[in-house]
Amino acid sequence: MAKDRLAGVLERYEAVIGLEIHTELTSLNSKMFCGCPVAFGGEPNTRVCPVCLGMPGALPVPNEAAVEATVLAGLALDCEIAPFSQFHRKQYFYPDMPKDYQISQYDLPFCGLGHLDIEVDGEGAKQRVDLDGGPYATRIGVTRIHLEEDTGKMVHVGGSEGRIAGADHSLVDFNRAGTPLMELVSEPDIRTPEEARRFAQKLRLIMLNLGVSDCSMEEGSMRVDGNVSIRLRGETELGTKTEIKNMNSFKALHDALAFEIVRQADVLDEGGRIVQETRHWDVTAKRTSALRSKEEAHDYRYFPEPDMVPFEFSAGWIDAIRARLPELPDARRERFMRDFGLSSADARTLSEDVEFAAFFEEAVALAGTPLAKPIANWMLGDFSAYLNAGTVALSDAKVTPAMLAELVQVIDAGTISGKQAKQVFTEMAETGDAPGAIIEIRGMKQVSDTGAIEAAVERVIIANPDEVASYRAGKTTLIGWFVGQVMREMRGQGNPSLVNEILVKKLG
Amino acid sequence: MSQKTDLAGLSARAIREGIAGKRFSAGDVVEATYAHIDVHEPGIHAFNELTPDLARAAAAHIDAKVAAGEELPPLAGVPAALKDNMNLVGTHTTCSSRILSDFKSPYDCTAVRRLLDAGALPIGKCNMDEFAFGSSTENSAFGVTHNPWDLSRVPGGSSGGSAAAVAARMVTVSLGSDTGGSIRQPGALTGTVAMKPTYGRVSRYGIVAFASSLDQIGPFSRSVEDAALVLNAISGHDDTDATSVREPVPDFTATLGDGVKGLRVGLVRDMLDLEGCAAEVREATEMSVRTLESLGAQVGEIDLPMSQHGLAAYYIIGPAEASSNLARFDGIRYGHRVSDPSDVVDLYMRSRAEGFGPETIRRIMLGTYALSAGYYDAYYGTAQKTRTLITREFDAAFEQFDVLVTPTSPTVAFKIGEKAEDPLSMYLSDVFTIPLNLAGLPGVSIPCAKSESTGLPIGVQIIGKHFDEATMLRVAAALEGALDLDMRPPAA
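Respectively, the protein sequence lines represent chains A and B.
Number 451 in the working numbering belongs to position 443 of the first sequence; there are no gaps in the numbering.
Number 62 in the working numbering belongs to position 13 of the second sequence; there are no gaps in the numbering.
Each statement offered as a hint is correct.
Stretch-level coverage of chain B by chain A, calculated; a stretch enters the list once three of its residues show a Cβ under 8 Å from a Cβ in chain A:
hint, region
1, 148-156
2, 257-270
3, 413-424
Keep in mind that the hints were calculated from the coordinates and are not lab data.
Just so it is clear, the structure is predicted and the values come from calculations on it, not from any experiment.
Ideal Cβ placement from N, Cα and C applies to all residues, glycine included.
Input sequences plus hints: build the corresponding full structure.
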């Protein structure tokens, strides 16, 4: 398999990868050039109007919120924001494109050079055979970010798997047509499939934090294409590249690039040459296949969109957008480490998701900073497990920050044991009842009254003379058995550490 | 109503006052209009479609206002015709093209909506050169329109139907669109007042685009005052057209009577001397300027040598944008589609080949070529630079003058078929009007004389500064008043 052979290939060849990532601005209220709502799916051709259907005489009016979202994304990636930019028409005929040209950007995109820092650890880090195999960080350049309109969707009827090959006829759904689409082009700074995956994942996190898109690769609101070439290690000339499409998950992105690198190496090793072409990733067959070669490439006849005036962004306007930049995951992670003493790994997991991070911070605010660590542990442990097991969205969970804060507080106060706390959490997650109420109803209050514990200990000692003798003869490992007996005597409500302490004293 | 046809010659103001004063009703106007059309339309063919149901409904609305004693809107009861590239729900919008022959408007053009909201009655949709490509209305898929002054001659184009309908008194006003002269040139050839406003003054939303950076909607009328009333109605910013501007819109009728005393009027000398400009046209233009001088204007002369390159630049930029704007007529969503396509490329190619006429195909070819990789800089890039230079030349001229004067068309109306086989000669019809579209300037053509040899009307073009249609119309009104021509054609 390609994956198994990747390491060997990368010993001899260096891969050069650049990504083109399309992100639909799904959080906006309206399409790029008209007032139709932005949403996924729906009854075909119901979210359309004369503008997004390309009716004769209809005109596009740019959605300012989409322009702002693109500039915001550019600022988040330290891009240069163009003082002067404009839309161009990219012209080619295709039935899913109502005007038979796409309003896009050409030589004057909104955002120019920027960068994104990624971290690679675990197994994937070993793909960098030129490094030591351990975790590393690297900076990937961003060439540009521009804005364009999405196309409609073709539905091919009568063929296999909805592909056009063998289809009898095709239908077009224009619901998606005109959805604001942001395209990011990376520099060819990526060297391994793992780096490509990390880049795409990190970009997704940032877009989610900016609140501009739901970035669903499954629904196509985030689409990643890759340009990949290989060259012998030490070579400085670039090899011929291929473009890979249809990578509909992060795993697909990784596996498709890995396959393609190995495929190219095989071609070169056999004395062949790489053909510049677009290749399609088949997730079932786990291979790429040629879609079309660049020799048949269109002349897009780009020219400035005459239906709109160019954009001139003042420094003041750009600063106002910059002021809207939220705290991004990297900054939040550092703050969590600094303010709450969390480990880098814990802080990263907690900081990535905006809602998850906000939940954590709210719980910490209620419980107090000293309890930040146990809150983090709960969130990364039982709470995450619960959410993942039931695929429950955080916003749908019955557990609130206040409930989690209360839970860690009662544990800290010794009111319940850690074991009881797990029961309380499970019940809390299922019912939405507060920890206090659950403890009350279940009679779970932990007994820390030394008199009651001493009485129970006495009863256990009297009832089990043989074990007491063994213990006193040196078999001190029996202490656990005694604790269990006492806890049973107390219906589980004894404070375990006090029970232990008193037992040791009485037995000794 | 006893004197039905008498209503046909009335001005917009007289119609509104007549209805308000209950001398006749808006319903009377509609019936008189269609009666007049019945007489003259067979010989002229100004219309692709008549819309009596819409007109009667609009008239009933006006008459209800009269009955209720309500204030009437400024164009109440005024019969209006629309070029057949403007969308109006309840009508077909064909652009005189086979490819759109069955196309029903799914929405309203903003300028049309504003005209109707001002009380005008939608009488019908007018013939035109297919997609506005032409200067004679001969490039219509539905037959040529005849000039009411001489039915063997063209009315000009591309808005020939809109011009002929007004000239023949079948409607009081009409809307046309002007990309390189398509309002002003037919205005000159039919003896009507024909105006292209400043680019951005009137929304383009809903007019089927020819060249987006050049197209502008404007009125035909039989008086400068009526033109000003229509401009009042259709001007102003529109949220659905990103190139429409937020300039304030004055009442263009308010200053019509202010005269030209002290205004600086520049005669563009080198345009008069252009080869191909008929002597009678040159003389009529010079006479018009002398008339303005006699009214108190300060007259001077200026050369605009860069504007002579306008035609060349226009025949790059116009077709380039058109080739893109017309891509959408692909047979997929609407319009003509072949019945038996073998695949999608076959569907595209044959639907378009069957649907478009020869001039349309010629423009698409020209524009596609001009935008192609390797040619873009030499053609489109150079044309855009020329456009900038022409704009600057006008800007400089307007430091010396308040308005500029040129002929509108180098000749009077020519015979049907005379230039049909010679596109370059046809293109020259717009040599005086094109520079304004490239510079975005407003221009109005008004009749200034009749040819001594043929009796056909001759037009003069008055050019204003950006967004200063008011001064331009003021000069036009002064000239109109001084010349006091009878511009009723034989077929009216």
